[in-house]
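Peer 1: Read top to bottom, the protein sequences are chains A and B. When we follow numbering that gives the first Met the number 0, the leftmost residue of the first sequence carries the number 0, and every step to the right adds one. When we follow numbering that gives the first Met the number 0, the leftmost residue of the second sequence carries the number 0, and every step to the right adds one.
Treat the hints as calculated values from the structure; they're not laboratory data. There could be a bad hint or two in this list.
Intra- or inter-copy, both count: the list cannot distinguish identical chains.
Result set (EDC-like, lysine to aspartate or glutamate): computed pairs, CA atoms no more than 16 Å apart in a straight line [what the hints assert, rightly or not]:
1) K223 - D104
2) K32 - D253
3) K199 - E244
4) K288 - D306
5) K223 - E203
6) K32 - D2
7) K271 - E258
8) K271 - E251
9) K223 - D237
10) K223 - E234
11) K296 - D72
12) K18 - D2
13) K66 - D138
14) K43 - E203
15) K288 - E36
16) K32 - E305
Protein chains: 2
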Amino acid sequence: MTDEVAGGVRAGDYRSLAKAISLVERADPSAEKLLAELYPSTGKARIVGITGSPGAGKSTLVAALAKFYRRQDKRLGIVAVDPTSPFSGGAILGDRIRMAELYTDRGVFIRSMATRGFMGGLAKATNDVVDLLDAAGFDIVLVETVGVGQDEIEVIRTVQTNVVVLVPGMGDDIQAIKAGIMEIGDVFVVNKADRPGADKTVTEVTMMMGLVEEHGDWMPPIVKTVASRGEGIAELDDAIRKHFEYLSTSGELDRRNRERVRIRINTLLKEKFMGRLIGETLTEADYEKLLEDVLRKRSNPHDAAEDVLRRVNF
Amino acid sequence: MTDEVAGGVRAGDYRSLAKAISLVERADPSAEKLLAELYPSTGKARIVGITGSPGAGKSTLVAALAKFYRRQDKRLGIVAVDPTSPFSGGAILGDRIRMAELYTDRGVFIRSMATRGFMGGLAKATNDVVDLLDAAGFDIVLVETVGVGQDEIEVIRTVQTNVVVLVPGMGDDIQAIKAGIMEIGDVFVVNKADRPGADKTVTEVTMMMGLVEEHGDWMPPIVKTVASRGEGIAELDDAIRKHFEYLSTSGELDRRNRERVRIRINTLLKEKFMGRLIGETLTEADYEKLLEDVLRKRSNPHDAAEDVLRRVNF
């Protein structure tokens, strides 16, 4: 069965792709085999993260970028990790109408990861879906995230270029930058740049950038856009392409790919270990007994974990 | 050494507590032993989550609650998981001045978890810190989170009562609710209730609540507050206390405590397993070789993980 689905995905068949994604999302036993089969076909797509607070206009920017790429006949996937994104269905009507064009375009595949409780975590599921889109031959995959929470940070760490979207006059955004988003931006966008205070925001970001030492040889550019009117999108594309050139020539792309693989292997190791531990090596009853002992303060979480590991000679 | 620190924590000594937290945060080898030693002293504190978007006024609400509890001579801990919180240092001056009173109060212990990259994850570190505060005899621990991202959701799942903070006219908040926050609110607060639209927000939340089926016998109350003036705080305290009564009498408290313990044991199992696997059972060189094979497409993440597990007879 997976052979057939894998073949369909490789051929870019949408129904196979939807099926593959659904297998991955519900952690079907066949999903890992499918991902393994498709793995050699990955590595060609450009993976771009679009990160920013709700209200920054991320989805409008994603839509504008999508239209830009479609005019160049590129096929693209959109993966919305942000539950407040219009792409996640949490949209007001105006947004949804604006996106309608993309939903009917056969060169665009949109998937929301807003449902909670993925087996193995949101970051793993998102990475798997990106891999499937990559294997299906999409040229570009845009991953939309809020950028808050370690799981989202993990998603961001595995994209190739991360675009951080800000808007003029959002004090909170600047706070979030201070708190760590600054380090994860490869390109900065000041969206809604027709609003008062756009230049002030550009200046603030520039100043903060001076405080960050992790850039290496890449100084993140700041692009002003008015995504709702498509303004600045060509400049943004230019910045993204320049960043990819930097990645390729500096060896940074290799480093990021390695990190991506490391995260994936480790996640699988933990997941498989736990899956085989509880229910196979350890019976459910044994496990519940352990829980009970900790709850009744006859033991503690640390000793309970050590006890389990001893039983499996680890 | 841990004996001495543990004794200090149990006696409520601030220096010991700060030392214990720092051991936990940097995953010092002695941290687990310390937590195990202190575990029997936990279980007395009331653990309350305060969740909401940046700008909803969470920190002001936390400060108002803190002052309210201090007037009743209760000792309380504040754990800020939100990196944009004033408690995380990402504050504008006005906020920090408003909080100054709390920082100099010996009955209040404030800790920010804003630094990224905790070993074993943010949720684990946060739970550990809450346990330490519990063991140190704090009556109430307030955990401030944005509520976005699986790690934060995991933090929220382990508190006893979760307060979701909204403000009038924030469409995004309502979107976020639709996307899942609704299920995690035990008490709802419409803060900044002196603003236009407060009643409309109350109506919207009430309507959405009708759509959620997970409440059991508890119907989450909606409290209007103006945290900056301390208005509605007594009513909020009342709602939190009523929820705790419900938890205790319905058996739900047991269920939540069990879930908390389950999460802790599983996290420890994964962490210890990975720690012993890479560097002990498997050499760094072996592991790098595996990574390299996957990167070069000679293998794939799934087969690499299976290979490792086979080597350790798992």
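Peer 1: Does each hint fit the structure? Answer for all of them.
Peer 2: Quick rundown of the hints versus the structure:
1. K223 - D104: neither (27 Å within a copy, 45 Å between copies)
2. K32 - D253: Intra 25 Å, inter 39 Å, cutoff 16 Å: neither.
3. K199 - E244: Answer is neither: 29 Å inside a copy and 51 Å across each miss the 16 Å cutoff.
4. K288 - D306: For K288 and D306, the Cα distance is within 16 Å only inside one copy (12 Å; across copies 32 Å).
5. K223 - E203: Within one copy only: 14 Å inside, 36 Å across.
6. K32 - D2: Within one copy only: 9 Å inside a chain, 49 Å across chains, cut-off 16 Å.
7. K271 - E258: neither (20 Å within a copy, 21 Å between copies)
8. K271 - E251: Neither. Shortest intra-copy (30 Å) and inter-copy (31 Å) distances fail the 16 Å Cα cut-off.
9. K223 - D237: within (13 Å within a copy, 48 Å between copies)
10. K223 - E234: Intra 8 Å, inter 46 Å, cutoff 16 Å: intra-copy only.
11. K296 - D72: Classified as neither; 63 Å inside a copy, 29 Å across copies.
12. K18 - D2: within (13 Å within a copy, 55 Å between copies)
13. K66 - D138: Close inside one copy (14 Å), not across copies (56 Å); limit 16 Å.
14. K43 - E203: neither (36 Å within a copy, 46 Å between copies)
15. K288 - E36: Neither. Shortest intra-copy (40 Å) and inter-copy (21 Å) distances fail the 16 Å Cα cut-off.
16. K32 - E305: between (32 Å within a copy, 11 Å between copies)
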